[in-house]
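Which chain is which? The protein sequence lines are H and S, in order.
Under my numbering, think of the first position of the first sequence as 1, with each following residue one higher.
Under my numbering, think of the first position of the second sequence as 1, with each following residue one higher.
Worth flagging that the hints you see were computed from the coordinates, not collected in a lab.
Errors might be hidden in some of the hints.
[Said to hold, decoys possible] In silico SDA-like pairs for lysine to any residue, Cα to Cα no more than 25 Å straight-line:
1) S:K140 x S:T241
2) H:K76 x S:S48
3) S:K9 x H:G185
4) H:K5 x S:A188
5) S:K140 x H:A188
6) H:K243 x H:L253
7) H:K76 x H:Y86
8) S:K76 x H:Q71
9) H:K140 x H:T82
10) S:K76 x H:S72
11) S:K243 x S:P113
12) H:K76 x S:S75
Number of protein chains: 2
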Amino acid sequence: MGIVKNYEKIRDFSIAIVGLGGVGSVTSEMLTRCGIGKLLLFDFDTVSLANMNRLFFTPDQAGMSKVDASQSTLSKINPDVTFECYNYNICTVDNFDDFLSRLSNGGKTQGTPVDLVLSCVDNFDARMTVNQACNELNIKWMESGVSEDAVSGHIQFIIPGQTACYQCAPPLVVASGVKQVKREGVCAASLPTTMGITAGFLAQNVLKYLLDFGTTSYYLGYSAMTDFFPTMIVRPNPSCTNKYCQIRQQEYLEKVERDPSLNLVKEEEKEEPVVHEENEWGIEVVCSVDEEEIVSGLQELTTGVDYAFMRSDEIKPQIAQDEKVVVGDDTDLDELRRQLEGL
Amino acid sequence: MGIVKNYEKIRDFSIAIVGLGGVGSVTSEMLTRCGIGKLLLFDFDTVSLANMNRLFFTPDQAGMSKVDASQSTLSKINPDVTFECYNYNICTVDNFDDFLSRLSNGGKTQGTPVDLVLSCVDNFDARMTVNQACNELNIKWMESGVSEDAVSGHIQFIIPGQTACYQCAPPLVVASGVKQVKREGVCAASLPTTMGITAGFLAQNVLKYLLDFGTTSYYLGYSAMTDFFPTMIVRPNPSCTNKYCQIRQQEYLEKVERDPSLNLVKEEEKEEPVVHEENEWGIEVVCSVDEEEIVSGLQELTTGVDYAFMRSDEIKPQIAQDEKVVVGDDTDLDELRRQLEGL
Numbered sequence: 001m002g003i004v005k006n007y008e009k010i011r012d013f014s015i016a017i018v019g020l021g022g023v024g025s026v027t028s029e030m031l032t033r034c035g036i037g038k039l040l041l042f043d044f045d046t047v048s049l050a051n052m053n054r055l056f057f058t059p060d061q062a063g064m065s066k067v068d069a070s071q072s073t074l075s076k077i078n079p080d081v082t083f084e085c086y087n088y089n090i091c092t093v094d095n096f097d098d099f100l101s102r103l104s105n106g107g108k109t110q111g112t113p114v115d116l117v118l119s120c121v122d123n124f125d126a127r128m129t130v131n132q133a134c135n136e137l138n139i140k141w142m143e144s145g146v147s148e149d150a151v152s153g154h155i156q157f158i159i160p161g162q163t164a165c166y167q168c169a170p171p172l173v174v175a176s177g178v179k180q181v182k183r184e185g186v187c188a189a190s191l192p193t194t195m196g197i198t199a200g201f202l203a204q205n206v207l208k209y210l211l212d213f214g215t216t217s218y219y220l221g222y223s224a225m226t227d228f229f230p231t232m233i234v235r236p237n238p239s240c241t242n243k244y245c246q247i248r249q250q251e252y253l254e255k256v257e258r259d260p261s262l263n264l265v266k267e268e269e270k271e272e273p274v275v276h277e278e279n280e281w282g283i284e285v286v287c288s289v290d291e292e293e294i295v296s297g298l299q300e301l302t303t304g305v306d307y308a309f310m311r312s313d314e315i316k317p318q319i320a321q322d323e324k325v326v327v328g329d330d331t332d333l334d335e336l337r338r339q340l341e342g343l
Numbered sequence: 001m002g003i004v005k006n007y008e009k010i011r012d013f014s015i016a017i018v019g020l021g022g023v024g025s026v027t028s029e030m031l032t033r034c035g036i037g038k039l040l041l042f043d044f045d046t047v048s049l050a051n052m053n054r055l056f057f058t059p060d061q062a063g064m065s066k067v068d069a070s071q072s073t074l075s076k077i078n079p080d081v082t083f084e085c086y087n088y089n090i091c092t093v094d095n096f097d098d099f100l101s102r103l104s105n106g107g108k109t110q111g112t113p114v115d116l117v118l119s120c121v122d123n124f125d126a127r128m129t130v131n132q133a134c135n136e137l138n139i140k141w142m143e144s145g146v147s148e149d150a151v152s153g154h155i156q157f158i159i160p161g162q163t164a165c166y167q168c169a170p171p172l173v174v175a176s177g178v179k180q181v182k183r184e185g186v187c188a189a190s191l192p193t194t195m196g197i198t199a200g201f202l203a204q205n206v207l208k209y210l211l212d213f214g215t216t217s218y219y220l221g222y223s224a225m226t227d228f229f230p231t232m233i234v235r236p237n238p239s240c241t242n243k244y245c246q247i248r249q250q251e252y253l254e255k256v257e258r259d260p261s262l263n264l265v266k267e268e269e270k271e272e273p274v275v276h277e278e279n280e281w282g283i284e285v286v287c288s289v290d291e292e293e294i295v296s297g298l299q300e301l302t303t304g305v306d307y308a309f310m311r312s313d314e315i316k317p318q319i320a321q322d323e324k325v326v327v328g329d330d331t332d333l334d335e336l337r338r339q340l341e342g343l
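Given only the sequences and the hints, what does the whole structure look like? Please build it.
The structure is reproduced here in structure tokens:
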């Protein structure tokens, strides 16, 4: 095979895909066509005609659950792949327990964990749920997303304790880079394209990581408007509010102490950590592969990558005692909440 | 729609797609789902089970012609799109005449030319044929390609007379950027991903150009191994051996003379053309959008973008009289040819 030493190994891997929208469905098809061993598919939505402007689903599947429609298409394409379908919302308490159990036991060999979780969801709660499960179970996962206006997307590889988890910092999104663009509304033209490209990046990264070729992407963004592709690694936040993230960070530090070669960040880079000005999150953008990417990642964080929003629960711990805000009795709490959400 | 002023306009456009392999088929699906007015599909191959490691075709279509299989899938997805299918090789003399006639008359309004031609073929002869037809008919086209090892791809927008045609210079390909990689063999893992990403770039660029949003890409490369995305514009070669390219260049120069605002290259850039050292092709990499991209394009031409090969018929005119090579009677012509091909 030249580039991949042992391609047949792909049959040994099991991957959970959460969300079968424009990104998740195409990713599942790419991995199926590559001959992945097993896919666990999670979604609680049904196919509708409004999905036809993305790839994968077909009009005759309208009304079917997305997991059933996907399994039907995928098993016809490659009958050798094993599928497990879960038509439920992972965010409810009951389902979360089952979700944890499936991730822990859904490996190619029954009773072993899945090799990777892919988050292809379109909302914050589901991403936080995947984050919680993967931190708790210490399973590597990849986050993906397409902006609401459908002209940018990103993928991010989260290794609990080693790279920033979804709660370490506000989510990173790619700025369009074109100031005059009106941001309201969806760019219907870019729905199948931006989502297909993001799915391609995600599946490619899965293959690069599992089959050990090329350089695994830790963060890869895409702006359709300007052909802009930021890359970087974001390190975990030592004061992350996720308990399991803290535990994974501690485990990783101990592991690196025993074997410094395991450190994602080389020693010379650690001496001068690259810190963003006014860095209230303590986020460090560090080198993934070579010098080019440090510079590129850094520039992008300031000029091309934005935080999606500032979360009130994470801003709170940053307020020092003497800076505490005094709220009068006449303050409208709903109005304050609205303002926070608008940030 | 915010980003796109008049999305409904997409129904007015007609596009010819030549080659329905891993890139062309996915591009046709993306454009169909976006609601393109009309697609003219050209291919003379049949679907085989060996195609299942790319997206789009399904095992039950094995044995069907690619154009028929595509039309069947696409018209079910969006019955509003008009299809014209041509199951022939555009490179033979008879078919070439029909190909020219369809490009000239296949517009949404019968008798008008198509709005764009997309080359999604996998061989040099077919690309030269598309180039010849588009130079002759003065139709804009986009070239696309995925490397033989399937870990890099590119798209290129060719506007006859304004940007380099396929004969102006040897084809540009993205170097893998990873020296230790063995280049022999196909990376089966990357077939659906690299081809899907390249198709996404191609369809996105079609939409950006036709619907006038964002910055149209003139050359956009992709290296999966290193997440490397070179961009640039390549200007036409004034001594291009293609007669119609010369005519289009002349027409363009005259047009710019009458209205300098039409020039792709701004005046200040023209004063200091950016020329590659040892530039035997006289190729200039010029700014597409902003300063960043000039630098980026330039770096990539030297470090990340290679010429696919050097063509003997184009090297010839560059040899000055006093540098003429004297070939002895005992020189083995076949050996010389082999050496040239090996360059």
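These are the hints, each one checked on the structure:
This hinted pair checks out: S:K140 and S:T241 have alpha carbons roughly 19 Å apart, not beyond 25 Å. Distance hint between H:K76 and S:S48 is fulfilled; the C-alpha atoms sit about 15 Å from each other, no more than 25 Å. In summary, the hint linking S:K9 to H:G185 is supported, as the alpha carbons are separated by about 17 Å, within the 25 Å threshold. A hinted pair counts as satisfied when its Cα atoms are at most 25 Å apart, and H:K5 with S:A188 qualifies at roughly 11 Å.
About 24 Å separates the Cα atoms of S:K140 and H:A188, which keeps this hinted pair within 25 Å; it holds. For a cut-off of 25 Å, the pair hint linking H:K243 to H:L253 stands: about 16 Å separates their Cα positions. Proposed proximity of H:K76 and H:Y86 is supported: the alpha carbons are some 19 Å apart, at most 25 Å. A threshold of 25 Å between alpha carbons decides the hint, and for S:K76 with H:Q71 the separation of about 20 Å falls inside it, so the pair holds.
Proposed proximity of H:K140 and H:T82 is supported: the alpha carbons are some 21 Å apart, at most 25 Å. A threshold of 25 Å between alpha carbons decides the hint, and for S:K76 with H:S72 the separation of about 17 Å falls inside it, so the pair holds. For the hint pairing S:K243 with S:P113, the CA-to-CA distance comes to about 21 Å; that is within 25 Å, so the pair holds. Distance check on the hinted pair: H:K76 and S:S75 sit about 20 Å apart at the alpha-carbon level, within 25 Å; holds.
When each numbered hint is compared with the structure, no violation occurs for any of them.
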